[in-house]
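Colleague: All chains, please: the whole structure from these sequences, using the hints.
Residue-level listing of the chains:
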Amino acid sequence: MTNLVEFGETTALLCACCAEEISEQDTYCFDCQTPISLSRAVALRGGSQHFISVLGASNAGKTVYLGLLLDILSNGGGPLRGLATGAFSVALQAQVVTALERRMFPEKTPAEADAWKWLHCQINSQDAKQELQLDLIAPDFAGEAIAMEIEQAGLFPAIQHVVSRSSGILILCDSVQVRDAGPGEDLFAMKLASYIAQLRAYRIDRRRSQTDAGPVLAIVFTKSDGCPEASADPAGFAANNTPRLLEFCRQTFSRHAFFAASVVGSSGTLVDDSGKQLNVPFHVEPRGVSEPLEWIIRNS
Amino acid sequence: MKGYQLIARSAGLDRDTAQTLCRWAPSHSALIDQRFDADCLNVFPVDPRHVAISRTTFGGPEYSGRGGDQVVTLFLVAPLEQCAPYEFHSVSVAETALALGHLRLPITSHPQLAAIDLPTCPLPRRKHEPALGDSTAWQQTVELLLANQRVALVGVPDPITSVAAIIDRLPIERRMDVSFTTGLHWSSRREFRLQFLPTVDRVLNQKLAAQQVRCLVPAAVDQSLAVASR
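Residue numbers (the numbering used here), protein chains in the order written: chain V, 1 to 300; chain X, 1001 to 1230.
If you are wondering where the hints come from, they were derived from the structure by calculation, not from laboratory data. Don't be surprised by glycine CBs; every beta carbon is placed ideally from N, CA and C. Where hints are given, some of them may not hold.
[Claimed, not checked] Covered, in the sense of this in silico footprint (three residues per stretch, anywhere, with C-beta under 8 Å from a C-beta of chain V), are these stretches of chain X:
1) 1012-1022
2) 1031-1040
3) 1060-1068
Modeller: Dropping the structure here:
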């Protein structure tokens, strides 16, 4: 999809997310608050863009996951290598890496859409036998915004547009909360999966001439450093702790899989005398961060 | 579940109203003043017949242990006709509500809130004077607001007193047209007509210009900043 529309001698820019016409003088799309810098980068690069949605409840670990994912890809140690396409894309990586270096987790992502960071990178395969080059766009949504969008669809248009266009979707679930906090996480994840299915079914209904195998869905149990049972057997962990989500995925999504990931080797909680708690990462030890993306790329 | 923004409401607030409140509600780190007792006043239209008068403050540690404090906003949704005895002066309505104990952080939260009654006549209030003696900027602000322009006032030390003074200078029938915030960070999601910002850098200036927001620095503030830089 090209993002430039020509009108006579004037070339207008289209939003990379919702395809609305935007002005170069604007800083955000009026409709969905996607940054103009992203749309500009997409327009300059041309070619097809692949959206990946990273969804999850508040505090599931989306910001840390995305930031560290780009950091791992940019280091190029695994099958995939990623290169940020612009300074705006490095902002998320910088935020996360800087925070972890200071033995802190990044602060909560605000619910205002214009405060979200967007990841736009070129993915290349390191495998000489398999040529792969594609552009990935993955926004760092606020968990609270996702929750509100599920309850009142349309409140955050960017979420709706990106989910509708995503060839791959990651649902992040806090494995410790899944194990310890009762069915709440299971129910929320199922609501999220239902939202995705409803959005995609609507699109299939409108485009009857096109076949759509549905998105590739990766359910990632995060913070598995604190939940070894999720690391050992993610699918088994899902069967025991998120049965509703598991069953819904089986019935709805033909391509889905369960993963476990962690960013820190261990973490603790600092408590001050007023009861204020602060989670602290002791050391960074990424595990299972890039595997869900590799699987999505192979299967989409 | 934790993480939802609208955690309590009174009967009579429909889905559309709730959606509007969520759209305007500030989230994490939205308060400019980071002191623990900071607060700000926000006023915006809910629909053609209702206005929301809200107070944003900090509500204790952020629940997920990621640092920072919870940002809590308490809304008062009022029919416009009930603001008539207050001469449609939103600050006057807010002051009365606060004096009666409303718009304050509750000790315990309950999902069901009771409707509140406000007196038919406001508390006695004095005409506000701007924090700074220079009247030129205020008159220019009033003129821009009456011309339906959006304005950002930069470096004003007492936004609540200042916005009250500006509203005093507006015709009564135009007062509720002016949405404002006295202490939230700028966001393209919240299209306040009047906003108070401590400083404006080049990036924020570009964002404000893109949204056609006029930035004004009252002359007395400008002079005081010039003195400080010598």
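Colleague: Indicate, hint by hint, whether the structure satisfies it.
Modeller: To see whether the hints hold, each was checked on the structure:
no. : hint      : in the structure
1   : 1012-1022 : holds (count 4)
2   : 1031-1040 : violated (count 0)
3   : 1060-1068 : holds (count 7)
Violated hint: 2 only; the structure is consistent with all others.
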